[in-house]
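**Student:** Chain by chain, the residues run as shown.
Protein chains: 2
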Amino acid sequence: MARGAKNEKTPVTAAVLLIGDELLSGRTRDQNLVHIADLMTRMGIDVREARIVPDIEEEIAAALNALRARYTYVFTTGGIGPTHDDITADAVARAFGVKIGVNKEALALLRERYGERDINAARMRMARMPEGATLVHNEVSAAPGFRIANVIVMAGVPAIMQAMLDAVAPELEGGVPMLSRSVRTNALEGDLGTPLGAIQKEFAHEINIGSYPFYEQGNFGTNIVVRGRDDALLDKAEAAVKALARKLEAEREKGKP
Amino acid sequence: MARGAKNEKTPVTAAVLLIGDELLSGRTRDQNLVHIADLMTRMGIDVREARIVPDIEEEIAAALNALRARYTYVFTTGGIGPTHDDITADAVARAFGVKIGVNKEALALLRERYGERDINAARMRMARMPEGATLVHNEVSAAPGFRIANVIVMAGVPAIMQAMLDAVAPELEGGVPMLSRSVRTNALEGDLGTPLGAIQKEFAHEINIGSYPFYEQGNFGTNIVVRGRDDALLDKAEAAVKALARKLEAEREKGKP
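Residue numbers (this note's numbering), protein chains in the order written: chain A, 1 to 257; chain B, 1 to 257.
To be clear, the hints were calculated from the coordinates, so they are not data collected in a lab. Keep in mind that the hints are not guaranteed to be accurate.
Quick look at which bits of chain B chain A covers, simulated, 3 or more residues with Cβ under 8 Å [claimed, not checked]:
(1) 32–39
(2) 53–64
(3) 76–83
(4) 91–105
(5) 160–171
(6) 185–196
(7) 210–218
Stretch-level coverage of chain A by chain B, calculated; a stretch enters the list once three of its residues show a Cβ under 8 Å from a Cβ in chain B [to be verified]:
(8) 34–45
(9) 48–55
(10) 73–84
(11) 95–106
(12) 207–213
(13) 230–241
Since this is a predicted model, take the numbers as computed values, not measurements. Cβ atoms here follow ideal geometry from the backbone N, Cα and C, with glycine treated the same way.
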């Protein structure tokens, strides 16, 4: 998006596929997207889309194929445990049209962690992976995630997912980091609208200005977020937004009875 | 899914489309999906998919067209305010291939709320809606959402979104409510896996058993959620799961040094 000489390279993009009935029933609030998006943003990788699908093999495979064709990386979370509803590995194999089998390295890790007494058929399921997958380790549970081509398959439990993301991050190609500045104001979106649109126009393409109204304890206000990859330009845009916010705040103050 | 005589009717389904750059940058954690999913579940409407897309008109329109063709209802959140990045109404018009114009009823509401002093071009943008849309009212902000065919377009601010959802809910056709029971245990997923899979098999199609590991303060455990539309069958499945959990807990206790 940014056009500065040093930002000329193709943007690195990502999508996130969150897998699990519990995320769609209202039972569980996802915690993984924000964590992944936050790290990706710092690495200069733009998260462009996320999808949430139930534990249905065809649905997972279809969503994965749509996303992996379009984005540099796809991160999936959920469905790689030892129970009957853990079908992500099968769905990934299906999406790639490859066989699924026991990954020996993964099995060795599971045997080491559980020992001969506790290793069983259910736990050994966690070593089943699509052919061609490489392991994504984590220290929390020992059961690894995996990577195949541009798809990184991780656990749904946040602590385990985070460990896996940390393990795989050094392998990813980052981009020019997206920087952001926030301006919080009690000016109202309806008053900001036209002049803020003019500022956006002035900095078109290089800077992206988002306006997020909030409503707290009966009061409305706005968070304005200025994002871009060029620090100096960001300074200018932030200054313009701040000046606008302060002006409207003063007018609002004056207008009070 | 349930096959009992009284549940024979076609399931009522829904998808949720969350719109906004801030949800993909890691800046904002969505609060709307859980709220929508929770109400839909109680109304017997199955939320089958959710997508999160940025503030890009073509992306919103493409996702909306994919979802509205597939599910009974589609709920969107975000992008209906007065600033330049609020483009949901345009995207919906584009998706439906209809014109967008000023909805007179919406404009009257805005004029009434803001009065001649504060109504301006930016605020009047909130009256722009696709042709054929009907209003979805809310008491919090006055600016209405809208409905067109099976698509319900709501604000992103949670308090406003919730008011809009409450306003539109009585118009929706509900289904047989999905009921659920939760069993929490310190038994491990790896030990539950095989026998839990057998219970799922026994109740196949009528009951859906989900297994959700947790990791809290260094301890692993499992939440098992049993879902279905037939209360008596749910009792049976829950009893089977509880018996399994208690058995494994006792074995785990015995196995401790």
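**Student:** Against each hint, give a clear statement of whether it holds in the structure.
**Tutor:** Do the hints match the structure? See the list:
1. Coverage of a stretch by a chain is defined here by at least three residues with a beta carbon nearer than 8 Å to that chain's beta carbons; for the segment 32–39 of chain B and chain A the count is 7, and the condition holds.
2. Beta-carbon proximity to chain A at under 8 Å applies to 4 residues in the segment 53–64 of chain B; the threshold of 3 is reached and the given coverage holds.
3. For the segment 76–83 of chain B, the assignment as covered by chain A holds, since 3 residues bring a beta-carbon within under 8 Å of that chain's beta-carbons and 3 suffice.
4. For the segment 91–105 of chain B, the stated coverage by chain A is not satisfied: 0 residues place a CB nearer than 8 Å to a CB of that chain, which falls below the threshold of 3.
5. For the segment 160–171 of chain B, the stated coverage by chain A is not satisfied: 1 residues place a CB nearer than 8 Å to a CB of that chain, which falls below the threshold of 3.
6. Restraint check on the segment 185–196 of chain B versus chain A: 7 residues with Cβ-Cβ distances below 8 Å, three needed, restraint holds.
7. Evaluation of the coverage hint for the segment 210–218 of chain B: fulfilled, as 6 residues show C-beta separations to chain A shorter than 8 Å, against a requirement of three.
8. For the segment 34–45 of chain A, the assignment as covered by chain B holds, since 8 residues bring a beta-carbon within under 8 Å of that chain's beta-carbons and 3 suffice.
9. Proximity of the segment 48–55 of chain A to chain B, defined as three or more residues with a beta carbon under 8 Å from a beta carbon of that chain, is established by the 8 residues found.
10. Restraint check on the segment 73–84 of chain A versus chain B: 4 residues with Cβ-Cβ distances below 8 Å, three needed, restraint holds.
11. For the segment 95–106 of chain A, the stated coverage by chain B is violated: 0 residues have a C-beta nearer than 8 Å to a C-beta of that chain, whereas at least 3 were required.
12. Proximity of the segment 207–213 of chain A to chain B, defined as three or more residues with a beta carbon under 8 Å from a beta carbon of that chain, is established by the 6 residues found.
13. For the segment 230–241 of chain A, the stated coverage by chain B is not satisfied: 0 residues place a CB nearer than 8 Å to a CB of that chain, which falls below the threshold of 3.
This entry does not satisfy hints 4, 5, 11, 13, going by the numbered hints stated previously.
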